[in-house]
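S.K.: The residues making up each chain are set out below.
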Amino acid sequence: MARTVRAVLVGLAVVAAGIALATLRVNPYLYFAGYVILQYVVIATAWNILGGYAGYVNFGTPAFFALGAYTAVFLIQSTQAPLPVLILAGGLVSALLGLGIGYLTLRLRGVFFSIATLALSIVLQTMIMNWQYVGGSRGMSVLRPSGPPFGSYVTFLFTVMVALAVVAVIVARFIERSWIGRGLAALRDNEEAAECMGVPTLRLKLFATTISGCLLGVAGAPFPYYVTFVEPNSAFNLDYAVNALAMPMIGGTTSWVGPVIGAVLLGAAQQLATVTISSEMNLFIVGVVLVAFVVLAPEGILGLVRRLRGR
Amino acid sequence: MFSWDLLANAVVAGLLLGGFYAAVSLGISLIFGLLDIANIAQPAFVILGAYAAYVMNSSFGLDPILTGLLFTPLFYALGVVVYRVYYGSFERRGEESLRGLVFFFGLLFIIEVSLSLKFGVDYRLVQTAYTSRSIDLGGVGIAFRYLVPCVVGVAMTLALYLFLGRTFYGRAIMAVSQDQSALRLMGANPVQIKTIAFGVGIAAASLSGALLISIAPVIPSTDRDYIGRMFAITVLGGMGSIGGTLVAAVILGVAESLMSTFSGPSWSLAVSFGILLLALAVRPAGLFGR
Amino acid sequence: MAATLLEVHGLRKSFGGFTALNGVTLQVRAGERFGLIGPNGSGKTTLINCVSGSLHADGGRILFEGTDITTLPAHRRTQLGIARSFQIPKPFTSMTVIENLGIPLEYTRRARSRDGGAAEAAEILRVIGLEAKAHVRPASLTQIEMRKLELARAMAARPKLLICDEAMAGLSSGEVDDILTILFRLNEGGITIIMIEHIMRAVMRFSERIVVLDAGERIAEGPPDDIVRNPAVEKAYLGE
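Chains as they are written, first to last, in my numbering: chain A, 1 to 311; chain B, 312 to 601; chain C, 602 to 841.
Hints should not be assumed to be uniformly reliable.
[Said to hold, decoys possible] What follows is a set of in silico ranges between Cβ atoms, one per label pair, in the way DEER data are often shown:
id	chain 1	residue 1	chain 2	residue 2	range
1	A	Arg107	C	Thr697	43 to 49 angstroms
2	C	Ala719	A	Leu143	24 to 30 angstroms
3	C	Ala719	A	Leu265	50 to 56 angstroms
4	A	Leu143	C	Arg677	51 to 57 angstroms
[What the hints assert, rightly or not] Residues of chain B clear of chain A, computed beta-carbon distances all greater than 12 angstroms:
id	residue
5	Val322
6	Phe343
7	Leu373
8	Val391
9	Phe401
10	Leu418
11	Ile421
12	Ser425
13	Leu428
14	Gly431
15	Val462
16	Gly554
17	Gly575
18	Ser583
19	Leu589
Think of the hints as simulated: they come from the structure by calculation, not from any bench. Here the structure is a predicted model, which means the values were calculated and not measured. For every residue, glycine included, the Cβ atom is placed at its ideal position computed from N, Cα and C.
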């Protein structure tokens with residue numbers, strides 16, 4: 001418990017640093033880019049709880065992320081709810097989606113869960129595109145609320161994302177080191193053996209899917225305020241699907257550190273690259289790097305570091 | 312707004328679509344249904360075949376089906392290469408579940424983005440002798456651009472069925488899907504057999520892609536529409552049952568057509584997804600499964 | 602007369618057109634050393650999979666200590682006291698040997714002890730002879746060490762009934778005796794043991810009572826001496 005308390009304190013310190021950073025008058029682009037990178041820290045960490053810890057691959061990250069974003073849009077349109085409510089609601093709805101998909105497919109082999117998530121994004125996108133209340137396929141403008149507590153609204157969102165990233169990492173770290181994390185690792189290594197050793201595999205899998213979905217929705221909830229114009233193609237962007245996979249796989253899937261490394265490295269690289277190359281080329285490179293890592297260095301950067309240190 | 316005419320048209324369109332869907336799903340039926348390899352990149356190979364047909368059609372005026380047949384050996388070779396990498400990197404080490412899936416997703420992604428880089432996001436289509444012709448059968452109009460892919464699709468299904476049932480390699484593939492060690496005792500090399508099977512599965516994508524672009528224009532992201540369909544059909548039809556694939560494809564085609572006619576085309580993808588979930592929930596072994 | 606620990610009534614299981622179990626009935630008494638033999642494909646592992654919960658039977662009932670467990674998921678059965686080792690070892694590859702034991706220790710205990718079961722795990726490893734390899738990953742274990750890990754892990758679940766599925770296949774004569782000694786000792790401690798084996802001298806030496814399966818049916822039952830002389834058993838193994 002003492003270790004968790006220490007982690008929370010570190011996390012609070014990071015948030016405080018984030019707020020301090022926000023009050024500095026640096027190039028505003030830093031906050032835009034920083035927001036995206038931190039958003040990916042949340043996304044990669046969330047993905048890894050199910051993918052790295054439990055071994056169940058979710059290809060439908062855009063569905064969960066966009067659902068969080070569109071829940072926020074719905075609430076903004078209907079009730080003008082404040083940001084914390086948007087975040088909680090986005091997390092809740094995406095958590096339910098995770099639970100639902102999990103309940104329907106996790107009693108079968110893992111591959112069916114993955115296939116279902118792959119098809120899920122397309123279907124959800126089609127449905128949202130037909131829902132006029134949240135803008136349909138044309139998209140919808142979203143007005144940022146007035147009077148952020150400090151700085152400009154973007155710098156405020158930046159610090160919100162710092163906080164969310166800290167929360168996501170603390171949650172992941174907590175799970176990883178708990179009996180739940182050990183049970184997930186057992187079922188990842190050999191599900192049948194884990195079940196026969198007393199691990200309630202279905203319950204743990206549903207837990208992981210729900211938490212993962214929740215955090216993805218949480219990452220998506222502030223999105224409408226960040227972009228101010230929400231349309232399905234950007235919310236359901238393929239970027240999220242690939243990066244959610246690539247960042248943990250490149251960083252290393254067995255620990256909470258991996259997704260953070262992957263998100264920071266890959267996210268920063270992509271931010272730099274969008275200035276110089278087209279977004280398609282960017283995606284192409286990510287795809288190639290992903291395949292290269294999966295084939296050649298499946299344990300990611302963490303694994304390479306471990307091997308170099310001779311462990 | 313209902314009329315018997317509309318219903319009849321929808322059903323016929325669905326039946327024709329079904330024949331085409333069967334063609335598109337044959338690869339997955341073989342690779343996932345029989346070999347148990349979750350090749351989620353299959354739709355990307357189909358789109359690749361579609362673009363190959365487009366290029367040959369726009370540059371040389373070649374009929375897409377001809378292109379599809381011509382490129383089949385090329386796609387077979389591609390399939391062999393892909394399987395070798397997959398086998399060497401994952402299957403042999405027993406790590407196929409997580410990493411293999413990610414590998415195929417990476418392939419899907421790379422293929423789609425490459426096509427996007429090369430051809431952009433404009434819709435591409437083919438011009439054939441029969442693109443705009445249709446015949447009338449008892450009050451129901453049948454467009455050739457649906458009829459021809461359907462016929463070819465059914466022919467492909469029959470060809471694969473005969474291949475699996477009557478040829479040595481086909482039967483070896485059926486055997487390897489059931490018991491690898493028995494196959495080894497018979498003197499055949501399971502890895503070689505699986506390589507051939509995977510190659511055939513990818514080869515099928517060449518012709519199916521050509522059929523795809525005959526029916527409707529394509530963009531690189533069209534492959535995503537077919538992910539749900541392919542797997543829904545394979546699961547519903549019974550993993551590895553070629554006859555089941557045809558039946559399931561027709562069921563899906565008709566269901567989509569009806570949904571499209573009476574509720575609007577944007578719901579057709581939800582149909583395949585719904586069928587997939589339903590099939591998984593109710594009877595994962597499918598209609599004709601083992 | 603010892604109480605009945607496990608009862609199987611009319612168990613049926615088919616895979617597609619193939620009938621693996623065709624109405625098998627048997628009882629295992631508490632504290633017994635029970636042998637289950639039969640030619641390849643006779644349904645032994647299928648029976649064990651149904652009892653442990655890895656498979657759902659198509660028909661019949663399974664009772665453990667009088668409770669009907671036929672529809673319980675496997676992890677619940679483990680918590681009730683049934684543990685098994687796997688024919689082909691299935692270790693948790695990302696964990697060390699002692700961490701492998703930590704999983705059943707953690708998931709079958711009612712209360713969590715302060716040290717997370719470390720002392721108990723160390724004791725099990727000592728009994729089974731793996732204490733030197735406690736902090737090693739399964740990938741670097743030898744064949745017999747893997748088998749021992751399978752057994753140790755099942756023991757860590759603190760079972761009342763331990764099912765050993767061909768725990769000695771491919772081992773040398775000395776190694777077989779090694780495992781037998783451990784099993785005898787476990788049984789003396791009160792654990793009921795079901796042994797599935799092809800190594801006849803091990804089964805004959807170990808079992809108090811043996812049931813023979815062939816083609817999914819029970820064809821013989823009795824003490825080892827009777828089984829050895831049973832013509833039906835001989836026919837099942839050697840053919841006509």
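S.K.: Of all the hints given earlier, name the ones this structure violates by number, lowest first.
M.R.: Violated hints (numbers, rising): 1, 2, 3, 6, 9, 10, 11, 12, 13, 14, 17, 18, 19; every other hint is consistent with the structure.
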